[in-house]
Amino acid sequence: MDIGEPERTYTVEPLEDPVPRQLPETPAEAPEREPAEPERVESE
Amino acid sequence: MRAPDYVEAIIAWRAWFVVADEGEIRLSSLVYKNVWVPRCELVASCQRRVFCFPRLWRKKPSEHPAPTEECRCGIYGARDAEHAAAYLTNDLWRDEPLRWPLLHRAIGRVSLWGSVVECKQGWRASHAYPERIYLPTRSESGEALPQLGDLAAALSAYGVPVKLIDGDLSMVGALVVALKARAAAR
Chain D
38 MDIGEPERTY
48 TVEPLEDPVP
58 RQLPETPAEA
68 PEREPAEPER
78 VESE
Chain W
472 MRAPDYVEAI
482 IAWRAWFVVA
492 DEGEIRLSSL
502 VYKNVWVPRC
512 ELVASCQRRV
522 FCFPRLWRKK
532 PSEHPAPTEE
542 CRCGIYGARD
552 AEHAAAYLTN
562 DLWRDEPLRW
572 PLLHRAIGRV
582 SLWGSVVECK
592 QGWRASHAYP
602 ERIYLPTRSE
612 SGEALPQLGD
622 LAAALSAYGV
632 PVKLIDGDLS
642 MVGALVVALK
652 ARAAAR
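Heads up: the protein sequence lines correspond to chains D and W, in order.
Quick note on this note's numbering: the first sequence kicks off at 38 and runs consecutively.
Quick note on this note's numbering: the second sequence kicks off at 472 and runs consecutively.
Just so you know, the hints here were simulated from the structure itself, not pulled from any lab data.
Be careful, since some hints might not be right.
With a Cα cut of at most 20 Å, we get these calculated EDC-like pairs of lysine to aspartate or glutamate [said to hold, decoys possible]:
id	chain 1	residue 1	chain 2	residue 2
1	W	K504	D	D39
2	W	K591	W	D476
3	W	K634	W	E614
4	W	K634	W	D551
5	W	K591	D	D39
6	W	K651	W	D621
7	W	K591	D	E42
8	W	K634	W	E495
9	W	K504	W	D551
10	W	K591	D	E44
11	W	K591	W	E611
12	W	K591	W	E534
The shape of chain W in the complex, shown without the other chains (with noise of 0.2 Å):
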């Protein structure tokens, strides 16, 4: 038995989608269709699939425990709001089509633990769980949303703040600012 070297869950950003599940407003990861359960962490696994020789047009999944740092596996949280946020809207690096439909796209700090990957911008990490959940108040194009407070008590689900922070998805500078006056201010 080997001991931790850290006993404090490391504390990142990252974004999410708001989606509904089965009529259940959840938090969906961006890259994989992953929904975030409440109050039970997601645990991560490599989701990469590799060639399965010698039938080489058939592929397996990847077999070793996420992460690691030979692979890009494991649940991602990142040094800066900035980071996250840019995040927010940029679909183009999404793997496969949302199985959900997408209400809404959340931004906040999450608590990452279990075998880490630290990296030069943020961590890989084999759990994860919501730390704090913030909606911006406008769509991409900037029209208010009319269901948020409806959204935010949903959220609550999680157990953890959900705050409304007064942004548009699209700007994602003010955003930011307007994310750390909240966090400067708690």
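Bound-form chain D, shown alone (with noise of 0.2 Å):
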């Protein structure tokens, strides 16, 4: 393609992405544990 001499260079840095990126799969809520039972311990 032709679009003519160059005239100047410079940076873009947009603030929101230009990408549609794949959103992350939400991973896969972990299965509630039952609460561990408290070790018993001896008192003094």
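Please assemble the complex out of the two chains, which come individually in their own frames, going by the hints.
Written out as structure tokens, the structure is:
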């Protein structure tokens, strides 16, 4: 493509990402565990 | 660390091939064998090859970051739809044979960012991604394309609007009028 002679160079850092990224799949929720029984210790 | 000069991507016009790459329908650059990967920016590299001294018959890849003002590298975008549309059917300047089966041609708008060389009629950038894709409804010979709906559905993988545009690839002027009408109706 002929777009003519260069005039200047600059940097562009968009605040919004121009790429519609694939959303990460939400990880399956970890199964709720039964709270562990507190360990019994001998009282002094 | 240097602050950027601009914080919004440049929106330009360009044309693509629509190709079949390993069973997937993709956009491809017109000049070089670059397939544009959905949901991932295209990053420029200089594909010019330079003579390798003293073995001048050997050529090695150019190693500068793309684009530079001195070279012609970078991902191209045109200021005007007319300019990009003129490249839809003109294959004379293609640098190398197309690697994939050609299904159709598309025109559209492209986001450009990163390092950008501004030229009189467009830009060359280090990073690019389609912003909007238009598929003409008829081929160069004016025939309607039966698989057009399938192509449009497949190109939706890019996650940007894909629009059918009533036009004939060989009638660039009419196509541009239709493009501008669509763009104005947004």
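Each hint, compared with the structure:
no.	hint	verdict
1	W/K504 with D/D39	18 Å, holds
2	W/K591 with W/D476	19 Å, holds
3	W/K634 with W/E614	18 Å, holds
4	W/K634 with W/D551	18 Å, holds
5	W/K591 with D/D39	10 Å, holds
6	W/K651 with W/D621	24 Å, violated
7	W/K591 with D/E42	6 Å, holds
8	W/K634 with W/E495	19 Å, holds
9	W/K504 with W/D551	24 Å, violated
10	W/K591 with D/E44	7 Å, holds
11	W/K591 with W/E611	29 Å, violated
12	W/K591 with W/E534	26 Å, violated
Of the numbered hints listed earlier, those contradicted by the structure are 6, 9, 11 and 12.
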